[in-house]
Amino acid sequence: MEITYKIIHPYLLEIEWPAIISRKILDEQLSWKFFLETNHADLVQEIRLGFHTLSLTFYEKVGKDNWENLFMNLNKLNTGSEILKSPRWKIPVCYEDPYAPDLSGLAEYHQLTRKEVISIHTANPYLLHFYGFLPGFMYLGGLDPQLHTPRKAHPERKIEKGAIAIGGQQTGIYPNESPGGWHVIGKSPLTFFTIGSNPPVIPQVGDEILFESITKERFREIDKMVSQGQYEWTDDQ
Amino acid sequence: MSGQMINKLSQINFIKPGFLTTVQDLGRLGMAEFGVPYSGAMDGLSHRLANHLLQNPETAACLEMTQFGPEMEFEAATQLVFTGAIAKIYQNGLEIPLGKVIEISSGDRIKVGQFQEGQWLYMGIKGGLLTELIANSRSWYKNISSIDKIKKGDKLPYLPDNDHFIHRNSYLKINSDWFGKKDLQVYPGPEFPLLTHSQSDLLASEEFTLSPIQNRMGIHLQELIPNELDPILTAPVYPGTVQLTPSGRLILLMRDAQVTGGYPRVLHISDDSLSVLAQKRPGEKIKFSIIQ
Numbered sequence: 001m002e003i004t005y006k007i008i009h010p011y012l013l014e015i016e017w018p019a020i021i022s023r024k025i026l027d028e029q030l031s032w033k034f035f036l037e038t039n040h041a042d043l044v045q046e047i048r049l050g051f052h053t054l055s056l057t058f059y060e061k062v063g064k065d066n067w068e069n070l071f072m073n074l075n076k077l078n079t080g081s082e083i084l085k086s087p088r089w090k091i092p093v094c095y096e097d098p099y100a101p102d103l104s105g106l107a108e109y110h111q112l113t114r115k116e117v118i119s120i121h122t123a124n125p126y127l128l129h130f131y132g133f134l135p136g137f138m139y140l141g142g143l144d145p146q147l148h149t150p151r152k153a154h155p156e157r158k159i160e161k162g163a164i165a166i167g168g169q170q171t172g173i174y175p176n177e178s179p180g181g182w183h184v185i186g187k188s189p190l191t192f193f194t195i196g197s198n199p200p201v202i203p204q205v206g207d208e209i210l211f212e213s214i215t216k217e218r219f220r221e222i223d224k225m226v227s228q229g230q231y232e233w234t235d236d237q
Numbered sequence: 001m002s003g004q005m006i007n008k009l010s011q012i013n014f015i016k017p018g019f020l021t022t023v024q025d026l027g028r029l030g031m032a033e034f035g036v037p038y039s040g041a042m043d044g045l046s047h048r049l050a051n052h053l054l055q056n057p058e059t060a061a062c063l064e065m066t067q068f069g070p071e072m073e074f075e076a077a078t079q080l081v082f083t084g085a086i087a088k089i090y091q092n093g094l095e096i097p098l099g100k101v102i103e104i105s106s107g108d109r110i111k112v113g114q115f116q117e118g119q120w121l122y123m124g125i126k127g128g129l130l131t132e133l134i135a136n137s138r139s140w141y142k143n144i145s146s147i148d149k150i151k152k153g154d155k156l157p158y159l160p161d162n163d164h165f166i167h168r169n170s171y172l173k174i175n176s177d178w179f180g181k182k183d184l185q186v187y188p189g190p191e192f193p194l195l196t197h198s199q200s201d202l203l204a205s206e207e208f209t210l211s212p213i214q215n216r217m218g219i220h221l222q223e224l225i226p227n228e229l230d231p232i233l234t235a236p237v238y239p240g241t242v243q244l245t246p247s248g249r250l251i252l253l254m255r256d257a258q259v260t261g262g263y264p265r266v267l268h269i270s271d272d273s274l275s276v277l278a279q280k281r282p283g284e285k286i287k288f289s290i291i292q
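Protein chains in written order, with this note's numbering: chain A, 1 to 237; chain B, 1 to 292.
Hints are computed from structural coordinates only; laboratory data are not their basis.
Among the hints, erroneous ones may be present.
[Said to hold, decoys possible] Computed list of lysine-lysine pairs in DSBU-like fashion (alpha-carbon distance at most 30 Å, straight line):
(1) A/K158 <-> B/K152
(2) A/K6 <-> B/K287
(3) A/K161 <-> B/K287
(4) B/K287 <-> A/K158
(5) B/K287 <-> A/K61
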C-alpha cells in the first residue's frame, strides 16, 4: 500500500493511506499510533484518526530529516498480526415505533420490508474506525450497500439521544440529542458517552459493534438498569 | 507566594449576563479522539496577554465575552485586566482602560458595555477563575461542562488576592490595529492540490467578506468558489481548517467546531491569524496570504 504524508504546518502533519475504508488500513493506523505513543510521546502531542488518515500534532517544529527517518521506521512496522481479539459489543436496539420514525420510509425507498431492513442491519458486526462529529459518535464501517440511503435534504432539528440512524453509506448512534440529516431507524437505551469516565466511551477504536433487536418492553427494562448504573455492556466474542 | 494569605474562595455575582459570556482557558486537549472539540478562547493571543499581564500561569481560565458584556459584582479583593475587543468598561461607574491591571475591592461593580470594535473580550483575574475542571480544562462546552453560558444570578469562584504591589504598573495600551489588517497567514490544506489553478488563484488573490454566519464553531465567507470537488472520506479537522463545500462555500472552523469533517480542507489558518480572524465582524474583509 502506498502511504504518503503532507506537512500542513510546522507542527501538524497528515499521513495518508489509499482513500478507501478498510480493516487493513485501520490495523496499520493503530499500530503506527501505538508505536508513536509508546516511543515518541515527548515529540507527538496528539494523534487523530480519519478513515484513511493519521494526523499528528507535534510539540515542536519537526525537522524534515528527523521526520523522514521516523516515517521510514513506521513503514517497517510489522502490522496485521492480531494477538488479542477485539471486543464485539452487543448494542440492544428497539426498531419499533415510536423509536423508529424513519424506518418505514427507508424500507420503502429500498423496496424492502421493515423486517428485512432490521435483519440486514443486525446481521453483521461493524468496525469502529474512529470517533468524531459529536462527543462519543462512532464512525462505523461495514454498512450493507442495500441500506445505503442519501441523507435528508433538510436535517431534523432534533434527533434523540441513543437514536440509531443511517446516512449515506454509514450507520451510527447519536450519543446525545442533536440536529441531524440521517434516517432514524431505532433507539438504544445505552449511554454512549460519559464525560466523567476515563475513557468517556466503552468501545475503543478497532472494536466491533453488533446491533441486537429488542422489544419495547426489554428497552424499558434496560433503560431502567442503565439509569440505576446496573447495566453491563456485553462482549459477543 | 509571599504576601498572600490563605483565603476562602470568593465569587463574582452576575447581575447581568451579557450576550454570551463563558469561561475559557487554552482548551481541552486530548479529548478530540473521542469527538470532543478543543473549545478554549477564540482569540488566543488576547487570552494569553491577559494572563501574562497578571503574571498568571498561561493555563488560567478567563472570562470570554462578546457583543455586549455583563455586569458583575466582586465579593472580595482581586486584580483584573481586560484584553481583546475594544469596549467601554466601568468600575463603579468610572471608565477603566483596556490592558491595565485594575485593583478590585470587595463590593466593586464592573460593567462591560457595548463593543465598539472586535468580537471577543477577555477578563483575566488574578489566579484565574476556579470553575470546574473537566478532562483537564475549564473551557465551557455544552454537554461537557455542566454549564455552557452565564445566566443572570450565576456566580463564579476565584481566590481573593490582596497582594497588589507587584501589578500596580502593569499596563499595555491596547488598540484594534493588530486585528484591523486584512491579511491572514494560511498554509495549503491537505486537499489544496485538488484545486484547479483558477480556484487556487481565486483563493490567493480575492478579498473575502465575512458573512453574518459566525459563532464559536465557525465563520462563513460570502464569496463562493465554484467547484466540482468530491467529498473526502471523513478526516480530522482543527480550529483553523478552511473547508470548501460542494456549493462553493468557504467555512473557517473555529474553537468549538466538530473535530472531523467530510468537506475538502483547502487551507489551514495559522494560530496567530486565527486570533485576528476571531476579532473580525460580519461585513469585514480578509485576504489569504498563502505560505508555501
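Hint check results:
1. The hinted pair formed by A/K158 and B/K152 meets the criterion: a straight-line CA distance of about 27 Å does not exceed 30 Å.
2. Our distance criterion of 30 Å between C-alpha atoms is met by A/K6 and B/K287, whose separation comes to about 24 Å.
3. With a C-alpha separation of about 41 Å, the suggested pairing of A/K161 with B/K287 is violated against the 30 Å cut-off.
4. Restraint check for B/K287 and A/K158: the C-alpha separation of about 37 Å exceeds 30 Å, so the hint is violated.
5. A hinted pair counts as satisfied when its Cα atoms are at most 30 Å apart, and B/K287 with A/K61 qualifies at roughly 26 Å.
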